[in-house]
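Peer 1: The chain contents come next:
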Amino acid sequence: MVARQAPHSDRQNGVDGDRGPRGAGGIADDDLYVRLKAFEGQAAVAVGVGKDPVNEPMIRHWCEAMGDTGPAYQGPDAVAPPTMLQAWTMGGLSGHPGRSTAHEALFALLDEAGCTSVVATDCEQEYLRPLRPGDRITFDSVIESVSPRKTTKLGAGYFVTTRTDVWADGEPAGTHRFRILKYAPAARREPRSQGGRGSGDRPRGPHPRPVINRDNAGFWDGVARHELLIQRCTDCATLRFPWLPGCNSCGGEGWDTVAAAGSGTVFSYVVMHHPPFPAFDPPYVVGLVELEEGVRVVAGLAGLRPEEVRIGMPVRLDFRTVDEDLVLPVFSGLPGPVGPGDELPPLTVPVTRTLIVAGAVASRDYQDVHHDAEAARAKGSPDIFMNILTTNGLVGRYITDFFGPRAVLRKVAIRLGAPNYPGDAMELRGTVLARDGDTTDVRVVGANSLGHHVTGTVTVTVTGTTPEPTP
Amino acid sequence: MTLHRADTLGGRAAIAGIGATEFSKDSGRSELKLAVEAVRAALDDAGLGPGDVDGMVTFTMDTSPEITVAQAAGIGELSFFSRVHYGGGAACATVQQAALAVAAGIAEVVVCYRAFNERSGRRFGAGVQRREPSAEGAALGWNLPAGLLTPASWVAMAAQRYLYAYGLTPEAFGQVAVVGRRHAARNPAAYFHGRPITLADHAASRWIVEPLRLLDCCQETDGGQALVVTSLERARDLRRPPAVIRAAAQGAGRAQEQMTSYYRDGLTGLPESAVVARQLWRTSGLRPADIDVGILYDHFTPFVLMQLEEFGFCAPGEAADFVAADRLPLNTHGGQLGEAYLHGMNGIAEAVRQLRGTSVNQVPGAAGVLVTAGTGVPTSGLVLGADG
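From first to last, the protein sequence lines stand for chains A and B. If you count the first sequence from 1, position 13 lands on 12 in numbering that gives the first Met the number 0, and the numbers rise without skipping. If you count the second sequence from 1, position 115 lands on 114 in numbering that gives the first Met the number 0, and the numbers rise without skipping.
For the record, the hints were derived by calculation from the structure and aren't laboratory data. A couple of the hints might just be wrong.
Said to hold, decoys possible - Listed below are several chain B residues computed to face chain A (Cβ distance under 7 Å; list not exhaustive): (1) Leu77; (2) Gln128; (3) Trp141; (4) Pro144; (5) Ser152; (6) Ala155; (7) Tyr261; (8) Tyr262.
All of these numbers come straight from a predicted model, not from anything done at the bench. Note that beta-carbon positions come from the ideal geometry of N, C-alpha and C, so glycine has one too.
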């Protein structure tokens with residue numbers, strides 16, 4: 000079940016939208032630009048070789064950083080998350096020996112012109128074949144275009160677009176178009192304001208916490224591990240919820256737990272309208288879900304609009320990370336056939352310093368602005384910020400989380416706007432653009448407190464069959 | 000045990016006095032002051048003075064302790080003081096406690112009271128967003144992170160299942176509100192005096208928590224209400240005709256929770272009310288057909304329907320039709336929807352007025368009245384009768 004809503008309007012923040020080779024009209028060329036443009040078509044990397052073959056440890060580190068639990072990326076037949084494509088080509092801490100003189104000369108020219116800072120703005124990837132542990136990676140990269148001088152919120156500079164073809168054991172594995180802005184930092188911005196996601200989105204207040212004591216702490220420990228634990232009497236085997244230190248059926252004091260399998264039906268529900276609470280946007284649905292094990296739990300019904308909820312409808316257990324300290328069990332509708340306009344349940348990702356650094360390291364991106372706050376500030380940024388490869392990985396995870404274990408990413412094309420700074424949270428939302436058989440195009444928007452961090456489109460194929468219809 | 004046979008409390012005590020403050024949205028004075036005023040008014044009504052009182056009972060939720068109310072009302076030594084838990088579920092149980100004390104000779108004149116600034120002070124409808132990690136806090140705490148935060152929402156969960164089980168729409172709840180407001184319209188003490196509503200008004204009122212609309216929810220009120228309980232013998236010598244306590248009962252169901260008993264049965268009834276009903280019918284010797292007036296706790300309309308079914312006035316799922324047919328005079332003061340939300344205590348006073356023949360919506364010859372207390376929580380009830 001997915002909600003149907005009008006797609007969110009696109010907003011650009013941080014980096015102005017009119018840019019790149021297709022939007023460059025009306026800006027006077029300067030001398031530097033003429034010299035920069037001469038690099039178009041030259042090789043950025045000639046016959047680059049991935050420093051490591053595709054390997055399980057890097058896959059695991061990536062999945063841990065992204066919170067991606069997709070089964071395709073685990074076990075003996077694991078493949079690499081497709082969004083890792085660029086990671087296999089990265090130079091890592093010691094830099095890349097394969098950079099061409101043309102690429103170095105281009106960057107030197109920009110540095111001399113005062114464009115000393117770099118920020119990645121766009122990443123378009125197409126995946127041609129899965130990458131498996133042992134695959135040896137080679138790649139070629141060409142400087143596809145250099146934009147005229149552009150003035151952005153970050154500062155004035157030039158967009159440089161490179162295109163990379165990646166091979167695995169000599170077979171085409173994917174293509175990768177990457178756009179960076181090489182710019183002269185503008186004057187230091189004011190400290191970012193708190194809240195205010197733009198019109199229509201009010202900042203949310205503190206979320207009501209679970210009331211945890213010695214009798215129920217085990218339940219919330221389980222939830223933190225993404226398990227919903229049901230107590231079971233060790234005398235009479237009766238399952239019970241809520242958690243209590245004794246059995247209402249027989250009075251037995253001993254108990255163990257059973258993890259809920261995750262299937263349930265809506266036993267009852269309410270739609271909350273009034274009064275408003277800071278942590279919730281009314282109207283919202285709260286369900287009383289009867290689990291297949293026979294016990295009931297109260298939980299939010301994620302991604303379900305009030306008019307979609309019915310008593311008796313099947314729902315599936317999921318877990319929602321509310322903030323750094325709070326995970327909640329929620330239930331979502333079973334994915335039905337999706338069509339244009341359908342909205343995917345949102346995913347909120349707390350942007351922690353750890354996530355930023357772990358994502359950068361997992362993608363072998365040692366640009367200092369992603370791990371060194373002092374260096375970031377020296378370059379005009381208020382703090383470190385998330386690198387584009389991490390954003391790319393999170394977008395991929397968001398899509399495959401929804402489309403399930405048979406989903407395979409075909410293309411991910413993203414554009415970055417407002418940076419993801421530590422302490423913020425990004426809410427990813429997806430809207431189906433088109434569907435053709437097994438293949439679906441989804442527009443993805445990730446918003447943080449400053450505005451839209453990422454906008455893009457993802458093409459995903461669900462192999463074998465179309466998603467099961469809702470019973 | 001008394002769940003299975005008649006108890007011996009019936010007929011031994013009576014309500015001899017009732018007294019209340021005005022019911023308002025902003026009393027302008029302290030909860031203690033409201034309590035003292037109500038107690039003094041009830042004693043005046045009974046023809047008694049502070050010096051006659053030796054027992055006091057209130058709710059655990061009340062902020063004015065028995066000793067403090069006594070101190071400020073001129074009451075002296077107390078041989079009995081007690082409080083009953085579980086919100087409005089305590090209402091009729093305060094009278095039961097008083098009757099028990101009187102019947103056992105522990106006290107002679109017991110005042111039951113409840114007073115609060117529930118509208119201008121702490122509004123229950125504002126909801127709960129945190130609780131202490133006590134067993135009681137943890138029990139409600141299961142609901143809070145999901146956003147189930149208000150009394151209306153806790154009731155709405157059961158109400159939704161009720162509608163589903165019996166194939167009804169939310170309009171089924173409307174007749175309870177219409178009846179309450181019709182009675183309140185004729186009651187000068189009611190907040191909604193002169194303001195009746197129609198089913199269309201109910202259906203047009205805004206959602207609070209679906210399937211509950213604004214007009215399914217009781218008011219929030221500032222005020223105080225007190226009752227004087229003494230032995231039937233003594234009551235006969237006082238100023239007013241006694242309202243005899245034919246039966247008094249408390250009830251909690253298996254796997255009972257406070258407002259969120261979601262984990263037991265079909266969620267279409269109120270098992271705790273059934274526990275009360277069994278005892279009241281058995282001890283009073285009355286049946287639903289013997290009841291002239293029903294004062295059924297109406298913080299939210301759906302639970303009035305479920306109470307009618309649990310007490311046996313009609314079959315499960317038929318209460319909306321039962322109310323629409325006006326087969327039982329209900330909440331003749333206007334109820335908590337129409338008169339005031341005094342945690343059920345004002346309903347007990349109305350039952351006394353019906354037996355005295357002084358209600359503004361008097362049912363001629365009323366001799367048997369059923370009164371209930373807060374529903375969805377451990378609850379209580381009374382059957383009051385005319386003397387003789």
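Peer 1: Determine for every hint whether it applies to the structure shown.
Peer 2: These are the hints, each one checked on the structure:
no.	hint	in the structure
1	Leu77	35 Å, violated
2	Gln128	5 Å, holds
3	Trp141	5 Å, holds
4	Pro144	5 Å, holds
5	Ser152	5 Å, holds
6	Ala155	4 Å, holds
7	Tyr261	5 Å, holds
8	Tyr262	5 Å, holds
Hint compliance for this structure: hint 1 alone is broken.
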